[in-house]
Every structure is written in structure tokens, then in C-alpha cells.
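Undergrad: Going down the list, the sequences are from chains A and B.
According to this note's numbering, the first sequence is numbered sequentially starting from 8.
According to this note's numbering, the second sequence is numbered sequentially starting from 126.
Source of the hints: derived by calculation from the structure; they are not laboratory data.
Check each hint, because a few of them may be wrong.
To be verified - Computed beta-carbon distance windows for the label pairs:
1) S210/B with A99/A: 36 to 46 Å
2) P240/A with S210/B: 53 to 63 Å
3) I310/A with Y281/B: 43 to 53 Å
4) A206/B with I318/A: 31 to 41 Å
5) I223/B with G272/A: 56 to 66 Å
6) S191/B with P116/A: 54 to 64 Å
7) L315/B with Q291/A: 52 to 62 Å
8) V65/A with T382/B: 31 to 41 Å
9) Q216/B with L88/A: 44 to 54 Å
10) P336/B with V65/A: 53 to 63 Å
Keep in mind the model is a prediction, meaning the values are calculated, not measured.
Even glycine gets a Cβ: it sits at the ideal position worked out from N, Cα and C.
Single-letter residue listing:
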Amino acid sequence: MTVTESRTSSAGSPIRAPGGRATRRRPWLGRNPIGLLLSAPYLVFVIAVFAYPLVFAVYMAFHDYFFAAPGAQVDRPFVGLDNFQEVLSDPAVIRSFGNVGIFLLINVPLTVVLSLVLATALNKAVRGRTFLRVAYYVPYVTASVAVVGVWLFLFSGGGLVNQILGPLAPDPSWLISPTWAMPTIALFVTWKQLGFYILLYLAALQSVSTELYEAASTDGAGAIRKFFSVTIPGVRPATVLVLLLSTVTGANLFTEPYLLTGGGGPNGASTSPVLLMYQKGIEQGNPDTASAIGIILVIGVLIIAFIQRKIAGGDES
Amino acid sequence: MSKRTPGPGTGTISTRAPGRRTTSGMSRGQNILRGVVLTIGAVAFLFPFYYMIVGSLQKSPDTSISGAFPNPANLTLENYADINSRVNLMQTLLNSGIFTGGVIVGTLVFGVLVGYALAQLQWRGRGITFALVLLVQVVPFQLLMIPLYVMIARDYGLADNYLGMILPFAINSTAVIIFRQYFLQVPRELFDAARIDGAGEVVLLWRIALPLVRPALLTVVLLTFIGPWNEFLWPFLVTKQASMQPLAVALANYISTVAASAANPFGAVLAGACVLAGPAVILFILFQRHFVSTDIGSGVKG
């Protein structure tokens with residue numbers, strides 16, 4: 008305020024007033040406008056493969072969209088919420104959302120607990136670190152399609168798992184049982200992804216201050232106490248990330264039900280929303296209803312992520 | 126960010142906090158418990174892979190408990206010949222390689238540029254760009270799958286085309302975040318000093334920033350490699366010709382359709398699984414050894 012005041016009053020000042028103000032302010036594009044240039048290719052790509060398809064998906068969900076021969080002019084009328092109504096009154100869709108809910112309830116807590124425990128143990132291990140690290144990450148680096156082959160072999164009716172369990176084996180077997188199909192898939196995905204989350208936690212553990220552990224030791228805290236009072240609060244930003252990523256990955260479930268349970272069997276007990284999107288959108292040629300399922304799925308994930316953030320606390324970055 | 130510990134700074138990239146090695150305070154019981162937990166974990170993670178190899182070498186599938194140990198009378202390489210006659214392994218491996226290579230190049234180029242700009246430069250729109258990077262991660266690919274399929278396979282006619290496979294994966298926000306994280310740990314004074322010496326921004330990025338974050342390049346290549354190499358859904362949607370399919374897609378099609386007609390379906394599937402898993406696992410172990418050796422080196426010095 009005082010600056011503008013003095014500027015107008017001292018009109019005879021030798022320095023041009025607007026210029027004088029501009030030097031005090033940062034340039035409009037920032038101090039290093041080249042940053043915008045470096046980011047431009049990425050931003051263009053985001054528009055081309057994220058933003059535009061996202062808008063396109065919303066457009067499809069609100070129109071009677073169908074595949075037509077390239078170049079053909081066809082009328083695709085606006086139908087409001089018809090697609091959503093159709094999807095939400097379809098018991099198969101409701102069931103698939105229930106399935107993914109079961110999946111998340113098993114997969115997410117199991118992932119957070121196991122990856123944090125294993126990362127903490129691995130972080131302090133002295134012998135065999137290299138071997139253990141490799142062992143834990145191997146499932147993560149292997150294609151789902153490849154390990155699905157082994158799990159089919161392990162969990163088949165007469166497979167090794169049932170041979171070991173003997174009379175305790177569920178009948179019908181894991182992947183063809185309406186009760187066990189989804190938990191087996193959840194277990195598979197947890198096992199498959201755990202190495203990545205261990206990696207995240209291991210990195211986070213490196214930034215937990217050693218002084219805090221020393222202070223806790225001085226105060227007489229044991230290993231368990233230190234784990235709960237120092238480690239868990241120390242890696243909280245990583246936990247928020249693990250919760251978010253495992254939820255998003257879980258909501259995107261496709262390959263496992265497609266291959267492990269032969270396309271969501273038995274009788275839809277392991278269908279995922281994305282599997283339905285594939286079946287409805289591409290196999291049956293209804294991209295509009297498939298997009299509606301996708302939008303409902305994303306809104307669901309955003310709500311879950313928001314709740315998780317509230318509970319686990321935001322990362323103060 | 127502000128809660129980061131003051132000490133390590135750039136050190137957290139390759140070295141570890143020296144305090145980690147002070148295990149003297151641990152009781153013997155805790156060490157044993159830790160060993161047990163770690164061993165159970167390792168067995169649970171590795172056994173299916175061991176079983177994959179054993180199963181791929183069995184003449185007839187043996188699911189009994191003794192079948193988990195290799196039986197010389199029941200060993201054969203025929204399953205590999207069998208899967209190769211159903212799925213052209215050379216061609217599908219080549220397709221996987223081209224798809225993966227294209228994605229890695231795109232990820233590195235875009236990731237380094239944006240990561241550097243976000244971490245070290247002050248420019249208008251930086252906050253929005255970073256928010257966008259985070260937001261993009263939350264948008265599930267599967268929501269975009271239908272519109273992308275319509276655009277790429279139908280409108281642009283890129284079905285059964287390498288470009289069509291690569292395009293949706295050419296940017297990777299995880300890589301951007303990793304690069305940003307690494308660039309943040311490089312002290313800004315270093316760049317300011319170079320700027321005072323008259324270095325241009327491109328020189329700065331190429332000669333100073335990149336060499337400093339070389340571990341990040343390895344991490345990103347490794348993490349990116351397994352993405353497209355393992356990816357099933359998207360190439361499955363856009364490749365209908367067997368000659369264009371990556372191995373993961375060809376093997377999945379084999380599992381879901383042809384497996385029933387093979388003499389030893391599990392053997393053939395597991396042989397294919399070994400071929401698909403092999404390159405990723407081997408490459409990963411090689412990279413891992415590199416990481417570990419730098420860890421040990423810094424551990425001895427520190």
C-alpha cells in the first residue's frame with residue numbers, strides 16, 4: 008500500500024514506477040520458466056492419454072454410445088442417467104462391486120501389516136539381506152500371467168495345497184468355490200504385490216531418525232514398544248501411500264479373475280467391475296454402460312481413499 | 126517434506142543411516158524371532174517359483190507332496206517344445222521386448238524432465254503440475270480403457286501395432302515422483318553455483334543433475350520394465366493377431382483356451398510361465414546385485 012502511495016506522490020522519481028514494482032515481484036512465469044517447457048511434453052501426454060479419454064468416458068456414459076464403422080456419421084443421443092440406472096439395477100454389477108469390497112477388506116489390511124512387519128525385520132537383518140530382498144521382490148517382478156499358472160496348479164482340486172491340507176481342503180476346491188474364490192484371489196494379489204510395498208516401507212524406514220530410536224531406548228522402551236511408538240508414526244506417510252496404492256490396484260482387478268477363475272466364476276462369485284467392463288464394453292459392444300461402471304468404480308475408490316486419508320492422517324508434505 | 130531428518134540428505138540415496146547396524150542392543154530372542162519371520166516369508170515367496178520350474182519339467186503332472194521334489198524318472202524338456210509349438214516364443218518375446226523398450230524410453234525422457242522441473246525449478250504452474258502427477262495416479266487405467274480402446278484401436282487404427290500398445294504407457298507418474306524425490310535431495314546450491322558459472326539449464330540437467338541421480342535411473346528402468354513386460358489387459362485388448370501379441374498375452378490366451386487340449390497342460394503352461402518370468406527375474410537379480418554392492422560399499426565406509 009505504502010509503495011503505491013509514495014509512487015503516485017513522488018511523480019518526479021527517475022525510476023519508472025511500474026518497472027520498479029516489477030523488479031520487486033517475481034516474473035510472471037516464475038524464476039525458471041524453462042520448467043514449464045520441460046514439463047510440456049508430459050502435460051501434452053496427460054491431456055492425450057488421461058484427460059481426453061476421461062472426458063470421453065464421461066461423455067460415453069451419458070450417451071447411447073455404440074461402435075460404428077470408422078467415418079460413419081451416426082446419431083448418439085444424450086440419455087441422461089439411463090446407463091447408470093441400467094448398470095445399478097443389474098445384479099451382476101452389484102455383485103462385482105461386493106466382490107471387490109471383499110477383496111479390499113482382505114487385501115489392504117493384510118498388505119499393510121505384512122509389508123511393514125517384513126520391511127522392519129528386513130531392515131535390521133544382518134545376514135542374508137541380499138537373498139531375502141531378492142526373494143521378497145521376485146513375485147512382484149514376475150508377470151501375473153506366469154504366476155497364475157503356478158497358482159492354478161497349486162490350488163486345483165487335486166493340487167499340492169489340498170494334498171497338504173488333506174481332509175481340511177474345501178470342497179469344491181478354492182478357485183471353483185463360491186466362498187473361497189475371492190479370498191484366494193485376494194491372497195494371490197497380496198502375495199504378488201507385497202514386494203513392492205516392502206520396498207516402499209524399506210525406503211521410508213531409512214528416513215526414520217535414529218535419534219528417536221536411541222531416545223526411546225534410553226527411556227527403556229523395548230523392541231515392540233519402539234515399533235509401535237517410533238516406527239509406525241515414522242512411516243505414516245508411507246502407510247498413507249500403501250493404503251492408497253493397494254486400494255487403487257485392488258479396484259483395477261482384472262487379470263486374476265479372468266485367468267484364475269476362468270472369467271469371474273463360479274457363477275459370478277469372483278467377477279470384478281473391470282472384468283464386467285471388458286465383457287460389456289468390448290465383448291458385447293456396449294461401451295456406454297461399461298463407462299458408467301468405470302465412473303461408479305472411480306467414485307467409489309475416491310470415497311474410500313478420502314476415508315483412509317482421514318483415518319491414517321494426511322502426509323504433511 | 127519438512128519432517129525429513131536433517132542428517133542424511135543426499136546420503137539416503139545410496140548410503141544407509143549408520144545407526145542401522147547397531148544391533149547390539151537386540152536380545153537373542155528377538156533376533157531368532159526376526160530370523161523365523163524372515164525365513165517363513167522367503168519360503169512363502171520363493172516356493173511357487175521353485176514349483177513352477179519343477180512342474181515345467183515334469184512329464185506328467187504330479188500334484189502329490191512328493192511331486193514337489195524333482196523325480197529323475199519324470200523329467201523332460203518336452204513341455205518347452207510343446208508350448209513353443211502353440212505359442213511362437215521367439216516372436217512373442219520380441220513383441221514383449223519392443224513394447225517394454227518403447228515404454229522405458231518414454232518413461233525416462235518424460236520422467237527426468239518433469240521430475241527435475243518439479244524439484245529444482247521455480248515456475249508458474251508447478252503446483253498444478255505436481256497435483257496433476259498425483260491425480261493421474263489415482264485415475265485407474267481401467268476407466269480409461271474403454272475410451273482409449275475406442276480412440277486407439279478404432280479411430281486411429283493402431284490395433285495390432287506397437288505404437289498402439291506403447292502410447293498409453295509412455296508417461297509414468299510413479300517415475301516422475303521417483304525422479305522428483307531424488308532431485309529434491311540434490312542441494313539447490315549446487316545448481317545455483319553452476320548457474321552463476323554460466324551453465325544453461327539443459328547443460329545443468331544433463332551434466333550435473335542426471336549423474337547425481339543415476340541410482341534413480343536404475344530404479345526407474347527396473348520398475349518400468351516389469352510394468353509393460355507383465356502387462357496383460359491393454360495389449361490383450363489391442364492385439365488380435367498372434368504375431369503381434371506379447372508373450373504375456375499369448376500365454377494367457379493359451380491358459381484360457383487351448384490348455385485343455387494339450388497332453389500335459391500344466392507342464393506346458395508352467396514352461397511358458399518360466400520363459401515369461403525368466404527375463405524379468407534375471408534382469409532384476411542383476412540390478413539387485415548392483416544395488417546391494419553399493420550398499421555394502423557405503424556401509425563399510427560409513
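Undergrad: Next, verify each hint and record whether it holds.
TA: Tested hints:
no., hint, verdict
1, S210/B with A99/A: 36 to 46 Å, "holds, 38 Å"
2, P240/A with S210/B: 53 to 63 Å, "holds, 57 Å"
3, I310/A with Y281/B: 43 to 53 Å, "violated, 34 Å"
4, A206/B with I318/A: 31 to 41 Å, "violated, 54 Å"
5, I223/B with G272/A: 56 to 66 Å, "violated, 34 Å"
6, S191/B with P116/A: 54 to 64 Å, "violated, 36 Å"
7, L315/B with Q291/A: 52 to 62 Å, "holds, 58 Å"
8, V65/A with T382/B: 31 to 41 Å, "holds, 35 Å"
9, Q216/B with L88/A: 44 to 54 Å, "holds, 47 Å"
10, P336/B with V65/A: 53 to 63 Å, "violated, 44 Å"
Of the numbered hints stated above, those contradicted by the structure are hints 3, 4, 5, 6 and 10, listed in ascending order.
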